[in-house]
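Number of protein chains: 2
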Amino acid sequence: MLENKNNEKTRISELGEFGLIDHLTKQFSIKNTSTIKGIGDDAAVIVSEKNNQIVITTDLLVEGVHFDLSYMPLKHLGYKAVIVNLSDVFAMNAKATQITVSVAVSNRFPVEALEELYAGIATAAKIYEIDVVGGDTTSSTTGLLLSITAIGQAPKEAIVYREGAKENDLLVVTGDLGAAYMGLQVLEREKEVFKVNPQSQPDLDAYTYLIERQLKPEARKDIPKLLKELKVTPTSMIDISDGLSSEILHLCKNSEVGCNVYEDKIPLDPQVISACEEFNLDSTMVALSGGEDYELLFTVGTEDFPKIKGNPHLTIIGHITHKNEGTHLITRANTKIPLVARGWNSMEESSD
Amino acid sequence: MLENKNNEKTRISELGEFGLIDHLTKQFSIKNTSTIKGIGDDAAVIVSEKNNQIVITTDLLVEGVHFDLSYMPLKHLGYKAVIVNLSDVFAMNAKATQITVSVAVSNRFPVEALEELYAGIATAAKIYEIDVVGGDTTSSTTGLLLSITAIGQAPKEAIVYREGAKENDLLVVTGDLGAAYMGLQVLEREKEVFKVNPQSQPDLDAYTYLIERQLKPEARKDIPKLLKELKVTPTSMIDISDGLSSEILHLCKNSEVGCNVYEDKIPLDPQVISACEEFNLDSTMVALSGGEDYELLFTVGTEDFPKIKGNPHLTIIGHITHKNEGTHLITRANTKIPLVARGWNSMEESSD
Numbered sequence: 001m002l003e004n005k006n007n008e009k010t011r012i013s014e015l016g017e018f019g020l021i022d023h024l025t026k027q028f029s030i031k032n033t034s035t036i037k038g039i040g041d042d043a044a045v046i047v048s049e050k051n052n053q054i055v056i057t058t059d060l061l062v063e064g065v066h067f068d069l070s071y072m073p074l075k076h077l078g079y080k081a082v083i084v085n086l087s088d089v090f091a092m093n094a095k096a097t098q099i100t101v102s103v104a105v106s107n108r109f110p111v112e113a114l115e116e117l118y119a120g121i122a123t124a125a126k127i128y129e130i131d132v133v134g135g136d137t138t139s140s141t142t143g144l145l146l147s148i149t150a151i152g153q154a155p156k157e158a159i160v161y162r163e164g165a166k167e168n169d170l171l172v173v174t175g176d177l178g179a180a181y182m183g184l185q186v187l188e189r190e191k192e193v194f195k196v197n198p199q200s201q202p203d204l205d206a207y208t209y210l211i212e213r214q215l216k217p218e219a220r221k222d223i224p225k226l227l228k229e230l231k232v233t234p235t236s237m238i239d240i241s242d243g244l245s246s247e248i249l250h251l252c253k254n255s256e257v258g259c260n261v262y263e264d265k266i267p268l269d270p271q272v273i274s275a276c277e278e279f280n281l282d283s284t285m286v287a288l289s290g291g292e293d294y295e296l297l298f299t300v301g302t303e304d305f306p307k308i309k310g311n312p313h314l315t316i317i318g319h320i321t322h323k324n325e326g327t328h329l330i331t332r333a334n335t336k337i338p339l340v341a342r343g344w345n346s347m348e349e350s351s352d
Numbered sequence: 001m002l003e004n005k006n007n008e009k010t011r012i013s014e015l016g017e018f019g020l021i022d023h024l025t026k027q028f029s030i031k032n033t034s035t036i037k038g039i040g041d042d043a044a045v046i047v048s049e050k051n052n053q054i055v056i057t058t059d060l061l062v063e064g065v066h067f068d069l070s071y072m073p074l075k076h077l078g079y080k081a082v083i084v085n086l087s088d089v090f091a092m093n094a095k096a097t098q099i100t101v102s103v104a105v106s107n108r109f110p111v112e113a114l115e116e117l118y119a120g121i122a123t124a125a126k127i128y129e130i131d132v133v134g135g136d137t138t139s140s141t142t143g144l145l146l147s148i149t150a151i152g153q154a155p156k157e158a159i160v161y162r163e164g165a166k167e168n169d170l171l172v173v174t175g176d177l178g179a180a181y182m183g184l185q186v187l188e189r190e191k192e193v194f195k196v197n198p199q200s201q202p203d204l205d206a207y208t209y210l211i212e213r214q215l216k217p218e219a220r221k222d223i224p225k226l227l228k229e230l231k232v233t234p235t236s237m238i239d240i241s242d243g244l245s246s247e248i249l250h251l252c253k254n255s256e257v258g259c260n261v262y263e264d265k266i267p268l269d270p271q272v273i274s275a276c277e278e279f280n281l282d283s284t285m286v287a288l289s290g291g292e293d294y295e296l297l298f299t300v301g302t303e304d305f306p307k308i309k310g311n312p313h314l315t316i317i318g319h320i321t322h323k324n325e326g327t328h329l330i331t332r333a334n335t336k337i338p339l340v341a342r343g344w345n346s347m348e349e350s351s352d
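Protein sequences, first through last, are from chains A and B.
Under UniProt numbering, think of the first position of the first sequence as 1, with each following residue one higher.
Under UniProt numbering, think of the first position of the second sequence as 1, with each following residue one higher.
Rather than coming from a laboratory, the hints here were simulated on the basis of the structure.
Just so it is clear, CB atoms sit at the ideal spot from N, CA and C, and this is done for glycine as well.
It cannot be assumed that every hint is accurate.
Computed beta-carbon distance windows for the label pairs [claimed, not checked]:
#1 Glu129/B with Lys50/A: 40 to 50 Å
#2 Glu303/B with Thr141/A: 47 to 57 Å
#3 Thr141/A with Thr10/B: 20 to 30 Å
#4 Lys156/A with Phe279/B: 32 to 42 Å
#5 Glu112/B with Leu249/A: 23 to 33 Å
#6 Thr141/A with Thr33/B: 36 to 46 Å
#7 Lys50/A with Thr335/B: 28 to 38 Å
#8 Glu17/A with Ser200/B: 28 to 38 Å
#9 Thr331/A with Asp22/B: 29 to 39 Å
#10 Lys323/A with Thr33/B: 55 to 65 Å
Based on the sequences and whatever the hints tell you, model everything.
Quick look at the structure:
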């Protein structure tokens with residue numbers, strides 16, 4: 001469907017390892033005052049400003065496991081790989097400042113393919129105002145692999161952990177859920193159609209939001225800022241890209257609490273609802289277990305309710321209970337079902 | 001030759017991704033006061049002590065490209081993967097404090113194999129007094145891949161970059177060179193012998209130092225300490241694991257200077273000299289281009305000569321010249337040869 005229209009092919013070996021790194025990274029300039037030295041020495045050098053603490057997170061993306069290049073253009077992949085990591089920085093309520101990017105690539109990829117990948121990384125770095133300060137480029141025996149480490153910083157008192165949720169706290173989620181998973185379903189269906197009939201012209205207009213959430217997700221850079229403006233410090237926070245239900249369970253386990261989540265409160269985009277009907281999937285199950293929604297889940301004390309009430313970015317989906325009460329979903333029919341990590345139906349493994 | 005004697009086999013899928021990470025990382029405890037939060041949240045949290053600057057470096061090691069599991073036991077691989085990264089931290093004249101470890105692994109590896117790998121990582125972390133603060137474990141379609149990010153810190157005035165070398169500065173190298181490359185030659189020869197005759201009992205006594213330098217190298221944690229004790233701040237410094245000659249060229253390019261390196265000053269272990277004779281290789285070429293010697297190259301002003309003179313860890317191998325004079329090796333026969341990145345003879349690519 002989405003092809004690389006660049007027909008020039010330069011073999012990686014023509015540039016050599018150092019030449020390739022120089023070629024791919026020359027576009028990166030330093031924007032953050034916390035970056036003292038970027039690419040070009042044995043290590044990057046950064047400083048924590050105003051006695052901030054530093055947060056560090058890392059993620060590995062493997063071809064054939066985390067992404068499929070038959071519908072994921074390389075530029076989008078580069079962009080998404082950055083987003084995946086930044087989401088974890090924002091989940092600490094911190095500002096993202098730097099990343100390092102390591103790529104292992106087989107020689108079936110020409111230099112131009114890596115240029116596409118790095119163009120996506122550069123676009124994300126620009127939009128999210130982060131510096132690319134290091135990395136490594138090496139050959140692989142097969143496929144493409146990306147390893148990104150993201151660095152951020154925040155004052156000690158602003159950093160929010162997974163533990164800290166207290167009984168009666170409100171459980172809040174950002175944005176809406178399930179769209180990335182439904183985008184993947186649409187793309188996989190189109191891939192099958194394309195295999196049978198390469199001349200088919202897919203009409204994806206009804207799924208634009210879903211496909212964008214899958215191919216070009218955004219991380220919630222705005223949430224740490226919004227929380228600061230609202231003068232709200234969550235009692236706990238977590239990134240939910242591995243699936244809402246599994247991350248609610250992580251948060252409750254780390255905080256040693258239980259929770260009640262209300263099915264009718266889970267935020268869904270209308271495209272998710274209609275696509276779920278079309279694919280005969282339960283939209284709640286998709287929202288709870290689909291994954292790849294780069295949204296944040298957090299808890300706040302009830303005294304903060306007036307500050308977050310009605311905010312279009314935030315939805316209260318439940319509340320924290322005593323540990324002994326367990327972790328439950330209250331369905332629309334008002335029945336109480338235990339929350340399980342992969343939805344309560346058998347569901348195929350998502351690609352997270 | 002070196003086999004995993006552990007016969008129990010547990011499939012990775014039996015534990016699941018989160019179970020696997022928990023299982024592999026439960027042995028890691030926090031030792032550094034600069035580590036606020038290690039494994040177990042969206043990101044690790046660290047602080048820079050005494051207003052130190054933070055250094056960050058990352059490296060990717062790919063099976064079949066950077067290591068061969070037929071003679072590299074997994075425990076050694078884990079250890080070496082940490083060393084590779086720490087060497088870059090020490091090359092900034094910084095103290096290493098934390099690492100993150102990401103592993104992509106195919107399902108041909110049982111959980112016990114990953115335990116071996118992590119045992120090597122844990123051993124290195126203990127010896128080098130660093131904390132393992134994060135990482136990612138994922139499946140790969142083939143082989144094993146390790147991505148490690150190392151973090152360190154040092155006062156601003158202590159950090160040493162590749163640029164900064166000045167005309168007349170002395171060029172100093174730590175330890176001795178070429179042993180890791182010769183260790184690889186010995187191991188590859190034994191692998192060939194083993195293929196022909198699996199019953200053969202190799203006698204490797206004459207090569208113990210070489211094999212240790214290849215399979216269980218150490219990084220020069222002692223050098224930043226030694227330089228502090230000697231009250232020497234190098235004008236420039238670089239890790240030479242990619243090969244002495246290529247790194248001299250990097251240092252000279254970054255510092256915009258030239259240099260003269262004296263062949264008869266290059267430090268060689270007696271085992272390197274005798275193995276080079278046996279393999280019919282030029283020991284100078286091996287020392288200049290073999291690579292994988294986790295040693296440091298640095299420059300100091302001539303006023304520091306009395307402080308470093310005669311130190312058993314340090315060898316003065318040349319001096320810095322004006323950029324226009326170029327970068328040369330002065331041979332034992334007193335002829336001047338341009339330094340080239342891969343030795344002046346055609347040499348097979350080293351495995352770095």
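Hints, one by one, checked against the model:
no.: 1; hint: Glu129/B with Lys50/A: 40 to 50 Å; result: 28 Å, violated
no.: 2; hint: Glu303/B with Thr141/A: 47 to 57 Å; result: 51 Å, holds
no.: 3; hint: Thr141/A with Thr10/B: 20 to 30 Å; result: 26 Å, holds
no.: 4; hint: Lys156/A with Phe279/B: 32 to 42 Å; result: 57 Å, violated
no.: 5; hint: Glu112/B with Leu249/A: 23 to 33 Å; result: 28 Å, holds
no.: 6; hint: Thr141/A with Thr33/B: 36 to 46 Å; result: 41 Å, holds
no.: 7; hint: Lys50/A with Thr335/B: 28 to 38 Å; result: 58 Å, violated
no.: 8; hint: Glu17/A with Ser200/B: 28 to 38 Å; result: 36 Å, holds
no.: 9; hint: Thr331/A with Asp22/B: 29 to 39 Å; result: 31 Å, holds
no.: 10; hint: Lys323/A with Thr33/B: 55 to 65 Å; result: 31 Å, violated
When held up to the earlier numbered hints, the structure conflicts with 1, 4, 7 and 10 and fits the remainder.
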